[in-house]
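Quick note, the sequences are listed as chains A and B, same order. Going by my numbering, the first residue of the first sequence is number 1, and it counts up by one from there. Going by my numbering, the first residue of the second sequence is number 1, and it counts up by one from there.
Keep in mind that the hints were calculated from the coordinates and are not lab data. Since the structure is predicted, the reported quantities are computational estimates derived from the model, not experimental observations. Keep in mind that the hints are not guaranteed to be accurate.
For chains that are exact copies, the list does not tell them apart, and a pair is met inside one copy or across any two.
[Claimed, not checked] Simulated crosslink set (DSSO-like; lysine-lysine; CA at most 30 Å straight-line):
#, residue 1, residue 2
1, Lys20, Lys135
2, Lys13, Lys42
3, Lys96, Lys226
4, Lys147, Lys28
5, Lys42, Lys28
Number of protein chains: 2
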Amino acid sequence: MNISRECYLCIYKQTLNLTKRLGLDENKASEILRGVGGILSKYGLNVTPPEIAAEVYEFISKATGIEDPFSKEKEAAIKEALKFKDILKKRLEESKDRLYDACKIAVAGNVIDLGVHQEYDLQEELRNIFNINFKHNDYDVFIEQLKKAKNIVYLGDNAGENVFDEILIKELKNYVSDIYYFTRGKPVINDITVKDLKGLEINNLAEVINSGVDTPGFHLNRADKKAKELFFEADLVISKGMGNFECLFGECEREMFYLFKVKCEVVARACGADVGDYVFLKNDK
Amino acid sequence: MNISRECYLCIYKQTLNLTKRLGLDENKASEILRGVGGILSKYGLNVTPPEIAAEVYEFISKATGIEDPFSKEKEAAIKEALKFKDILKKRLEESKDRLYDACKIAVAGNVIDLGVHQEYDLQEELRNIFNINFKHNDYDVFIEQLKKAKNIVYLGDNAGENVFDEILIKELKNYVSDIYYFTRGKPVINDITVKDLKGLEINNLAEVINSGVDTPGFHLNRADKKAKELFFEADLVISKGMGNFECLFGECEREMFYLFKVKCEVVARACGADVGDYVFLKNDK
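Working from the sequences, and respecting the hints, build out all of it.
Structure, rendered in structure tokens:
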């Protein structure tokens with residue numbers, strides 16, 4: 001999915017917010033906003049949003065000397081998400097359709113974007129999650145394909161969200177033997193990396209894969225050879241979150257299921273939904 | 001007043017909005033957002049916001065071939081403002097302090113920023129205007145100086161607002177013989193120019209001056225020789241609106257009175273007020 005005009009401003013806004021979150025002084029903030037202005041000036045409409053974001057966040061890391069500017073936020077988001085795990089598992093035990101409800105739990109986790117600032121939203125999100133309706137609900141096709149599958153590639157998204165993915169993955173394990181949980185190859189925004197998952201249960205349920213991508217979304221050209229092979233050879237691919245959708249939608253022929261919450265107008269237009277909608281969409285091959 | 005980090009984003013946001021208002025297609029919008037990214041990348045913190053805005057809006061004019069992108073909005077804002085003129089004049093006739101209330105009317109006009117999109121706000125603004133309290137209320141000093149003055153330079157701001165300035169200027173004419181109403185030297189955003197004032201009553205009350213500035217604020221270095229002379233020799237200067245404040249506050253030694261509504265955090269911080277406050281501030285010489 002290529003960028004739209006709004007993406008330039010969105011990335012610039014993220015930059016300003018980050019200069020504040022990192023407590024940078026006005027001079028450093030100005031240096032960064034000038035640098036990002038220069039980066040934005042280079043990109044036409046023929047790129048995906050995460051490709052620009054990758055260069056922008058790498059520039060910010062270098063200019064500040066902070067390799068992982070969101071490390072604290074990521075840690076806090078995972079900690080926060082873990083608080084809900086037992087309650088959600090209990091809710092699942094009472095469920096009449098465990099797999100479907102686990103999909104809903106996983107997509108609810110997608111509300112986490114910068115974790116700690118959205119605690120209330122997460123709680124609210126989880127309260128209502130079993131009553132939501134998916135836009136583009138391709139769950140029936142999904143379950144048919146799942147029954148025939150032996151392995152799954154699951155493209156992870158943000159830190160914190162992984163806890164809810166874990167609940168869905170546990171259910172998926174009743175159907176398939178192998179699940180590959182893809183993470184980013186290096187810290188970018190608050191996206192999940194192998195390091196962030198250390199000590200978590202998901203390591204016992206799935207094979208955690210460092211995809212190699214430095215983009216906040218699974219961009220094929222940036223992926224490791226092994227990750228690419230697994231991706232193309234998998235019986236089933238679940239692409240979680242907006243960043244992965246932005247990198248893959250319209251850019252990749254292989255069949256997959258997108259599972260995410262729509263958080264901006266550009267993605268809403270691209271997938272024919274409204275901001276706030278939950279999407280369970282099988283791409284047209 | 002120099003820019004803060006927020007100004008970069010604000011100008012970029014204005015750019016995006018303008019690409020939409022002008023109905024530009026995605027390719028043209030991208031070209032403009034890239035160009036403005038490049039412009040922003042050049043400016044450090046040692047400039048006023050209107051200096052960057054001047055380059056940005058000139059670039060947009062050239063890139064689109066539209067010399068005055070806000071001409072329709074300006075015309076509509078003046079038309080809208082004129083609807084309120086008789087009502088406000090009548091309210092003034094019943095006033096116990098005509099001059100003070102006329103100052104309030106003038107500052108209420110400062111709510112107009114892009115005119116037509118804010119019709120309801122203008123109506124609401126005018127409904128409550130006589131009950132407002134000024135932040136930094138230097139009206140008492142102002143009236144003392146007015147009683148001794150023979151002429152006034154009045155720095156105009158946006159189109160539409162001029163109608164309310166006119167009401168104040170009519171009152172000021174009871175005190176002084178000569179009033180110079182300064183406009184911008186060329187179209188920039190929705191700021192008032194000599195051309196926009198054609199046929200309006202203000203031409204009979206004040207001498208309308210083309211200040212020569214191409215910035216959306218009275219920037220001394222950009223002003224004509226004559227405008228500069230009038231400005232420095234005037235017995236009293238009223239600087240209307242945020243753009244003029246941004247260009248002059250802390251940049252110019254001469255005594256003057258700033259009259260405006262605070263519309264952003266950066267200006268709020270600079271003048272020690274909150275967003276939404278009305279300011280009647282004498283600068284420290």
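Subject >> Structure versus earlier hints, numbers of those that do not hold, lowest first >> reply: 3 and 4
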